[in-house]
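A.B. asks: First to last, the sequence lines map onto chains A and B. Just so we're aligned: the first sequence equals residues 0 to 225 in numbering that gives the first Met the number 0. Just so we're aligned: the second sequence equals residues 0 to 307 in numbering that gives the first Met the number 0.
For the record, the hints were derived by calculation from the structure and aren't laboratory data. Take the hints with a grain of salt, since some may be wrong.
To be verified - With a Cα cut of at most 20 Å, we get these calculated PhoX-like pairs of lysine-lysine:
| # | chain 1 | residue 1 | chain 2 | residue 2 |
| --- | --- | --- | --- | --- |
| 1 | A | Lys95 | A | Lys69 |
| 2 | B | Lys7 | A | Lys69 |
| 3 | A | Lys65 | B | Lys144 |
What the hints assert, rightly or not - Just the calculated beta-carbon pair ranges, DEER-fashion:
| # | chain 1 | residue 1 | chain 2 | residue 2 | range |
| --- | --- | --- | --- | --- | --- |
| 4 | A | Asp59 | B | Ile278 | 49 to 57 Å |
| 5 | A | Asn20 | B | Leu279 | 55 to 63 Å |
| 6 | B | Val242 | A | Lys11 | 38 to 46 Å |
Stated by the list, open to error - Going by beta-carbon spacing under 7 Å, a handful of chain B positions derived as facing chain A:
| # | residue |
| --- | --- |
| 7 | Ala12 |
| 8 | Ser13 |
| 9 | Arg16 |
| 10 | Tyr20 |
| 11 | Ile24 |
| 12 | Gly142 |
Here the structure is a predicted model, which is why all the values come from computation and not from measurement. The beta-carbon is built from N, C-alpha and C at its ideal position, and this holds for glycine as well.
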Amino acid sequence: MIKFIDFLKCYKNNIIIKESNFIIPNSKVSFFMGPNGVGKTTLIKCLLGLEKYKGEILYDSYDIEKVRNKIIVLWDDCPFIENLSGWENLIILSEKLVINKEELESQIREYMDDNLIKRQVKTYSYGQRKKLALILLNILKPEIIIMDEISNGLDYDLMQSLRKDILKMAKNHTIILTGHQFGFYEGIIDVVYIIKDGEILLIEDNYKESTRKLEDIYENNFKGQT
Amino acid sequence: MRIILKDKLEIIASEFRRMYYSNLILYFLLSILAMIILIFYMNYKEITLAYEDYTRVQDLYENEEDMKEDLEINDYNMVENPISYYNEQLKTLLFVNSPDYTLTQIFEAGIIFFPIIFGIFGLLLGCADYKTKIIKHKVARVGRKNYYLSKISTSMITILFFFLIMIIISKIAGIIMYNVICNKIPVNDFSSHNLSLSSNVLMQFIFMYFISIVYSSIGMLIGVLTKGAIRGVVLIAAYAYAVPVFSKFDLKNSYYFIMDQLCDFYGVIKISGIKDSSILISMIIIMGFLIFTNIATYLVIIKRSAYE
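Isolated chain A, as found in the complex (with noise of 0.2 Å):
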């Protein structure tokens, strides 16, 4: 489990997340809410250690360094190198010693063809790179898995791909979403937080039982203030 002990974010004298006690469980999806600049990015940064912080965040009683190689963030923009091909990106981004191409073209097939992959990610469209973001994530075999924004730009297919490896995955990952297509998220998530005024609130610790829509949640919390 991921743990905030008296956690509080702050740039100068602007308080972004309030001190915060919480815990992430290991094993579930949590999925954290609110509108835009509320602070779920920074949350993010603060989690892996690149945003300073008051407080504690412990994965497990570790700190980030000790953890760092177990977690990936899936980013909105899914940042790769333009200029090369998804075969090569994929290949740069294993970090690996000795690459396994076998392994790697069957982690690729589930998602992409051939004509594809060897393309340059230039040429790639918004949902062709978070596919290409997808078999990294296979690649590296993360125990921690940080999704930003991961519905934005999917189209139905993919949306409902993803949606189904979001549950497969929950099994034996610690997974972390943040996102605003609720739709994508319902039925996929177990834990629901809320960040509302710099706080951060536990909305549902088991939504799947759930009768509330996260639509009603978010109306409910922010009605007027986006």
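Following the hints, complete the assembly by docking chain B onto the known chain A.
C.D. replies: Just chain B now, kept in the frame of chain A:
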């Protein structure tokens, strides 16, 4: 411990693959090859011209005894006539083109080419991830400190690799060129000289490798600061070729001063305008630049948001 080392090696392997697939390694090897070809060609041209001059003056002599007399150097080691001048020049240039001088010849050329080659190499290594925004993936995976260390280690290992390739190519090219010269000039007629290297080639190699890392570090700092290649290339080129030596505390002066002590510059590359200094002061200045640029690069990577 083994796991930590494996992790570090994996990060460095990733950097190498990046350079390989981006053709960076190829482009820099081609630049080094072009430098070697240029220097060998210039020294070859110089010796053939000197030989032509020598034979032209030689033809003016009707009596061989007169020529022998003129070729004898006086007690003060002074060259007093054209035939003697060209004879000495040929001896020197033959030494320059001989296999003994091959690497020194390349290191001397490095005074012109290495700051720009390795400065741009460091620059591209430093700015590449900002340009593609892939830095936010990398720092999340390995942390900022390891990210910085991977860049520095990759730079040091790659430059060493470039040097090894440069030595191999130079040695082979040197032997070929010397054979070409032997076929064109009667080298045995000009073999008696008392020239030698001022310092051994290993010392020259160590210093040139070190200075290449310094320039690569300067390039890397410019790369992480500017986050782009064009401005950085202009800055490095301007510093390497347009900015004069200001004082003995200048990096360029320190570099030239030590090079002047280590190499002889018998060939086509000459240095001038060096302000008097000492090896200690020069080394302190060069070390100071290396430390400053590395600390500054580290601080920029640590402090600046990877999301900008």
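A.B. asks: May I ask you to test the hint 38 to 46 Å on the CB atoms belonging to valine 242/B and lysine 11/A?
C.D. replies: 40 Å, holds
A.B. asks: Hint says 49 to 57 Å; check whether the CB-CB distance for aspartate 59/A and isoleucine 278/B agrees.
C.D. replies: Distance hint for aspartate 59/A, isoleucine 278/B holds at roughly 55 Å.
A.B. asks: Tell me if the interface restraint on tyrosine 20/B is satisfied: Cβ within less than 7 Å of some Cβ in chain A.
C.D. replies: 4 Å, holds
A.B. asks: For lysine 95/A and lysine 69/A, compute the direct alpha-carbon distance and say whether it is at most 20 Å.
C.D. replies: 14 Å, holds
A.B. asks: Classify the hint on isoleucine 24/B as holds or violated, based on whether any CB of chain A lies nearer than 7 Å to its CB.
C.D. replies: 13 Å, violated
A.B. asks: Is the interface hint satisfied for alanine 12/B? The criterion is a beta-carbon contact with chain A at less than 7 Å.
C.D. replies: 5 Å, holds
A.B. asks: Given the hinted pair lysine 65/A and lysine 144/B, is their alpha-carbon gap at most 20 Å?
C.D. replies: 13 Å, holds
A.B. asks: Take a look at whether the Cβ-Cβ distance between asparagine 20/A and leucine 279/B falls inside 55 to 63 Å.
C.D. replies: At 58 Å between Cβs, range holds.
A.B. asks: Hint arginine 16/B vs chain A: min CB-CB distance below 7 Å?
C.D. replies: 5 Å, holds
A.B. asks: Less than 7 Å between beta-carbons is the criterion; does glycine 142/B satisfy it with respect to chain A?
C.D. replies: 6 Å, holds
A.B. asks: Does lysine 7/B pair with lysine 69/A here, judged by a C-alpha cut-off of 20 Å?
C.D. replies: Holds. Lysine 7/B to lysine 69/A sits at ~15 Å (cutoff 20 Å).
A.B. asks: Per the CB criterion, is serine 13/B less than 7 Å away from chain A?
C.D. replies: 6 Å, holds
Going through the hint list in order, the structure does not satisfy hint 11, though it satisfies all others.
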